[in-house]
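Colleague: Turn these sequences into a full structure, and let the hints guide you.
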Amino acid sequence: MSTTTTTPPTPSAPSGHTPLSVRSRGAGTRRAKDRVASVVLTAAMVLAMIPLVLIIFEVTRRGIGVVDLDFLTQREPPPRREGGGYAAGFVGTLYIMALAVLMSIPFGIATAVYIVEYGPNRLTAVIRFFTDVMTGIPSIFVGLFVYGLLVVGWGGLGFGTFVGAVAIAVMMLPIVTRSAEEMLRLVPQEIRNASYGLGARKWQTIVHTVLPAAGPGLATGSMLAVARGIGETAPLMLTAFGSGLIVTAFQGSAQGAVPLQLYRGASQPFEAGIDRAWGAALCLFALVLLFTVVARWIGSRGAARTS
Amino acid sequence: MSTEAPETPPAREDSRRGTLTSSRGRLADPIFKWVVTACGTLVLVILALMVLRTVSEAWPVFVKEGFFGFLIGDEWDAGSSRDEITGTYGAWPFIYGTLVTAVIALAIALPLAIMVAVYLTHLAPRRLAKPLSYTVELLAAVPSVIFGLWGLHWFLPNVLRPFFEFLEGTLGWFFLFEGPVRGVGYLPAGIVLAIMILPIMTAIIREVVAVQPLEQQMAAYALGSTRWEVVSKVVLPSSFSGIVAATMLGLGRALGETIAVLMLIGGSQSWGASLFGTGSSMASHIAATFGEASPEGRTGLMAIGVALFLVTMIVNILARVIVWRLGQHTGDAAV
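Residue numbers (the working numbering), protein chains in the order written: chain Y, 1 to 307; chain A, 1 to 335.
Since the hints were made in silico from the structure, they are not lab data. Treat the hints with care, since some could be wrong.
Said to hold, decoys possible - Some chain Y residues judged to face chain A by a derived CB distance under 10 Å, without partners named:
id : residue
1  : D34
2  : G119
3  : Y196
4  : G197
5  : R201
6  : G265
7  : F291
To be verified - With the C-beta cut set under 7 Å, the calculated list includes, among others, these residues of chain Y facing chain A:
id : residue
8  : I55
9  : I127
10 : F145
Positions of the beta carbon are idealized from the N, C-alpha and C atoms, including for glycine.
Modeller: Right under this line is the structure:
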């Protein structure tokens, strides 16, 4: 900058600022630096995208030949033998996720309702803060907590579907709450006032007016939370514990899940098991992408409608 | 008149029903408020239970080793007793592995996140900016077990191993790159962690960079600055606290990540200076040994969990405080 100010502008200076910097001493290096920076920044962007492309490509390439009807409906053979599938994992994941959704989404939305409709006060500020903090809790610690609280503590429920679902629900809860909170804030105050004007009470306004108005947004947040929960592995290692059998028990016998089977298959040195792991990765990835993309799509449609 | 007469009783009934609902409503309102307040408080209850339950489970280990003795001890030899602590519990190798992988991840991800954020806000064609940031954020949706699988069975043998062998060949005299190259180890775990924390760091830095006042940037342009000068001398310095917050959040993620690290770090209980060396992080050691651990061993793992929780909580709370002081507009539900 100092180099530009030392050069006095000449009367013949044409309009626009570029000639000024062209004539100034060191302007060439400054513009060269600018160009180099642009190239470097673009390269960084490309570099950041490469992993995603590589992962999508490789998971698709190695998974596509593995996933078929057998993969979805048969149980896993010993890791050395080829064929078979992750039926036990799919049943377990579905079971655990259904319970986790039932636990986390009502509580998450209710928490958001409290924060938005009954706040701000000191308690809502504290709850908001700790909900934020909770998103950063290591998933393995959530597993340890549920293990300490439910698996061995409090009557010792043992490993099983329910405790696994509790762990996943704890992971999902802050995601649901934070996104629901944002969505409830987007509901215009006029809608609430109109509801009050018709004589509705506060709870009626919330249940019949605010929540339906925020519906698409709430769905978005819930689906993003499901997308996150579906791939969680570490907490399930300590709570559901994993199983190669199809388990229908609500609680008390170890339950399997796709990520757990994937992890075991991938960490053993048998080609057949690793192939199945790639197949599971493709299924998991497809599910997560589906939930994420549909969630964003609903979200953007909802946003377009309110604006 | 006689036709209107029957209309009055229903009207009265209506109004009576009206008062009925409103008296029910009078009760329903506080009940509703009570219910949602209880749900809201649940978060605090869960967090309190987490701390109490895990600390009380881990307590015997801390009593035997002392809290700092537990942190700096470098021998981990779990006993197999049911109701007393007989083994030696020193978490240092795992703490070391956690720190080394997290530092590698930050060293790679932070510059990249800043550059991507600046690219997205200042350089990208307007039509591309949104899909591009969306694509980077998709990385955050990939489950960590898939990162582990891909890292272990594709990225490591095809990209990292040749690169490591090259590094070892040229910089092998330097203690950080001392051989032998084993494949799995601190460096591959750190590199995959960097990919995993990139989206959250980019998202926050992008938000902070995007809300920097336009007047200052315009003023700088008016003085003849190039775009790079505006970014490096106006935008980035005033985004400093946001960058710090993003770093902390990324650090928190990197410290707590389990499965991908578990699959890539090698899982040994040793620790050493070479980045090619194998080790364990706190989270990966818990996940790797939990299944076969004795009740006493699980107490020891619980103690590692408590230490990990403390560190990540401090990092996270600091990050959140910074984000909060930056203003409400940076609060993003996705992060």
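Colleague: Evaluate each hint against the coordinates.
Modeller: Against the structure, the hints:
1. Checking Y/D34 against chain A: minimum C-beta separation of about 4 Å stays under 10 Å; hint holds.
2. This hint holds: Y/G119 has a C-beta 9 Å from the nearest C-beta of chain A, less than the 10 Å allowed.
3. The restraint placing Y/Y196 at the interface with chain A is violated, with a minimum CB-CB distance near 12 Å, outside the 10 Å limit.
4. A distance limit of 10 Å between C-beta atoms decides the matter here; for Y/G197 the minimum to chain A is near 15 Å, and the interface restraint is violated.
5. Evaluation of the Y/R201 hint against chain A yields a held restraint, the C-beta minimum of about 4 Å falling below 10 Å.
6. Interface hint at Y/G265: satisfied, since its Cβ lies 9 Å from the closest Cβ of chain A, which is below the 10 Å cut-off.
7. For Y/F291, the interface hint holds, since its Cβ comes within 10 Å of a Cβ in chain A; the closest pair sits about 8 Å apart.
8. Given the 7 Å rule on beta carbons, the hint for Y/I55 holds: about 5 Å separates it from the nearest Cβ of chain A.
9. Hint on Y/I127 holds. Least Cβ distance to chain A is approximately 5 Å, under the 7 Å limit.
10. Because the smallest distance between the Cβ of Y/F145 and any Cβ of chain A comes to about 5 Å, under 7 Å, the interface hint for this residue holds.
Checked against the numbered hints given earlier, this structure breaks hints 3 and 4; the rest are met.
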